[in-house]
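Those sequence lines, one after another, are chains A and B.
Under this note's numbering, the very last position in the first sequence is 370; numbers go up by exactly one each time.
Under this note's numbering, the very last position in the second sequence is 1335; numbers go up by exactly one each time.
Please note that a few of the clues may not be correct.
For the chain B half of the interface with chain A, some residues (derived, Cβ under 10 Å), not all of them [claimed, not checked]:
(1) A1002
(2) G1054
(3) M1114
(4) F1115
(5) H1139
(6) G1166
(7) E1196
(8) Y1198
(9) A1199
(10) D1210
(11) K1212
(12) T1255
(13) P1312
Rather than coming from a laboratory, the hints here were simulated on the basis of the structure.
Everything numeric in this text was worked out from a predicted model, so none of it was measured.
Glycine included, every Cβ here is placed at the ideal spot set by N, Cα and C.
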Amino acid sequence: MSDQRIVPIVMPKWGLSMKEGKVTGWLMEDGSRINPGDAILEVETDKIAGAVEAHDGGVLRRRVGEPDTVYPVKSLLGVIADPSVPEEEIDQFVAAYVTPSAEDDAEEQGPKYEFIETSAGTLRYAKRGAGDDTVVLIHGFGGDLDGWLFNIDVLGEAATVYALDLPGHGQSTKRLDNPGLDTMTAALSEFMATVGIDSAHLVGHSMGGAIAMHMAADDPDKVDSLTLICPAGLGREIGGYVDAFVAAQGRKDLKPVLEQLFADKSLVSRQLVDDVLKYKRLDGVEPLLKDLAAALFGGQVQQDQPGARLAAGEAPPTLVIWGRQDEIIPATHAQNLPGAKVVVFDDAGHMVYMERASDVNALIKQHIGG
Amino acid sequence: MARKISMRQAINEALDQEMARDPSVFIMGEDIVGGAGGMGEIDAWGGVLGVTKGLNAKHPGRLLDTPLSESAYIGAAVGAAACGMRPVAELMFLDFMGVCFDQIFNQAAKFRYMFGGKAETPVVIRAMVGAGFRAAAQHSQMLTPLFTHIPGLKVVCPSNAYDAKGLLIQSIRDNDPVIFCEHKNLYGAEADVPAESYAIPFGEANIVRDGKHATIITYGMMVHRAMDAAAALAKQGVECEVIDLRTLSPIDWDTVIDSAERTGHVVCVDEAHPRCSIAADVSAMITQECFKALKGPIQMVTAPHTPVPFSPVLEDLYIPSADAIAKAVARSRSH
């Protein structure tokens, strides 16, 4: 099993609760040349569908995973190897492969989540990797750190990556006085100070993008670079998503709202809807989201324009990523930050970092490395 | 933060958090404190199966051990609720409810209606239900249909720890009388439960498994049997949707009818006796609302029309099995 010329493709573990996934189809033929980062096959879990990407290059020598079949996490789905490796060795590798148990996996990766006390309350975060650069991932309105499931591990190969739940979100404290851009940015600042981050590459999605820009404008020393994914704060227009998200009380109201997030509506699974409902039903969440929505997006207008302040001063290196089919914040806002590198994906929506995970990961890696 | 806790702990946590939030909440019942035990223990029992253990120390004076007189303390709880308190009465076994039917059926359930909407009765009556505990015929019944029949009562029967906490919190906050049925064989069952408080609205069924070939509709302990049956059928390529009703009154007809229309094959599973059961009720409504969408006769899988046997062998046969549910799905699909 230690043969470096033979590399297994295994069922990935996307998020804490994933125990198995279904192979829905192969994107590569037997014998295809594989480069690191290539999407090889598609997998669907009860929460989400996504592509399994290659970590190493080589030739796809064997496709083990059958379409429409469910496999446990870490099961062998395929084999990548150098063309010089004989077929018999591939056969032996497949026959000898033993799927590691879930317990081994938990020990190997350490704690998935950690909690710290800050003046903004208890905040949950996840940390991956140990690189010299530090990256902080900041989710959007109503989101949480689990939304980075396709990104955090891959980015952790290149940097020390933190993802946090902002106050009122995920499993962080559900109380925040005067919720708004100032208090959210202060909470991010508190988080960075408490875990000991002097400065970081900030990656912000939607509201998280506005928070990142706000920090870059007020506290430029804390920001090494900005990656803004469908960010708020670059224009006034915003769709009806936020108010509808806050108002939705049950599965039937919430599903069409969540579908606005994706270009591919089929990505909104029942489990995704249920998870968001579970979050929305926690005591304190609804009033906090209402206040936050009024402060940031009252009257369906973006109230804060940190992008304009950033453009007026000296902005850090900035990458703006957008999905052309974003139904919440128009992708045309990407043009409102002069000097930024802009990448717009035609076939993605507001959740472009999920829908085009491998491309977005590659762009971020390149951005923080350069 | 979410962690795995049992349904027993989830119910205890819901009571604890609601008592901390609202001073009008208090608990009464037989041995819910249970007097002083050894080693300075101040709640020796915490209820017959230990569900309320530890609460007396946290909320002194707000847990009332009552005499063995259900008719008296259920009446007292209903009266306290009508006067502005939010009592949670623990009746131990739902089977004992017979001695306080007037307090529940004729008083609590009728106040809002008979006083022209001016009176509210925010009382919760918690009680254990279900067979499989070797507790014989008087301590094992699934009497949910009796209470579901009465307008003015809300009837809840959770299948897991997450739902139990959220539904009990909703029950306490609700302004109408709620019969909260806890399956005794589920007390140890663990699930991910947030430490924070949360309420699950009544009348929202949970789809616990997606499927396109058949719909299994049930609640309580039978959700687990239905999931076992669905897993077995999936191996044969038959994908069943499993619906956990969660609350029987109000009931989520929209989810039930929508699923029945999509799959065309329906199995209603109930641990209650077959006549006038939840299974019979749901079957009748589906037939009325979406007869043309059905591709086979609706099947009912229930306990038999007999008392719950004390013989363990017979008791196991009495409770609807995953195998019986799977066979019922096959029967409907053979048409």
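Now the hints, each set against the structure:
| no. | hint | result |
| --- | --- | --- |
| 1 | A1002 | 7 Å, holds |
| 2 | G1054 | 21 Å, violated |
| 3 | M1114 | 31 Å, violated |
| 4 | F1115 | 29 Å, violated |
| 5 | H1139 | 34 Å, violated |
| 6 | G1166 | 7 Å, holds |
| 7 | E1196 | 5 Å, holds |
| 8 | Y1198 | 4 Å, holds |
| 9 | A1199 | 6 Å, holds |
| 10 | D1210 | 6 Å, holds |
| 11 | K1212 | 13 Å, violated |
| 12 | T1255 | 8 Å, holds |
| 13 | P1312 | 34 Å, violated |
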